[in-house]
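Just so you know, the sequence shown maps onto residues 181 to 262 in the numbering used here.
What the hints contain is simulated information worked out from the structure, not anything from laboratory work. Note that beta-carbon positions come from the ideal geometry of N, C-alpha and C, so glycine has one too. Incorrect hints may have been included.
Stated by the list, open to error - The following label-pair restraints were derived from C-beta to C-beta distances:
hint : residue 1 : residue 2 : range
1    : Gly220    : Thr182    : 35 to 41 Å
2    : Glu244    : Leu205    : 18 to 24 Å
3    : Gly207    : Thr251    : 31 to 37 Å
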Amino acid sequence: MTTAELEEQVNQLRRRLTEEGVWVLTGNWGGKGGIARYKGRWLVVMDRNLPTAWKLRLLQTVAECLQAERTDDAGAPDDSAR
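I would like the entire structure built from these sequences, with the hints used as guidance.
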């Protein structure tokens, strides 16, 4: 997969997560990145110089966390989220 394709995936996933209420912050963070919950919302912090594959993995991790929150213990979709 080329860097351009990875960057496109990052941009698409970032847009989707932002629409779902995730805060995605990009800036000079000393080469670091991470995810957290802040005031009940997911927060993704990414240094703009992180490798694209790392950015993609951070965003994928948050997407997985959101999906897990939408399912109940039995694995069925949570109807209360609708």
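Each hint, compared with the structure:
no., hint, in the structure
1, Gly220 / Thr182: 35 to 41 Å, "37 Å, holds"
2, Glu244 / Leu205: 18 to 24 Å, "19 Å, holds"
3, Gly207 / Thr251: 31 to 37 Å, "33 Å, holds"
In this structure, none of the earlier numbered hints is contradicted; all agree with it.
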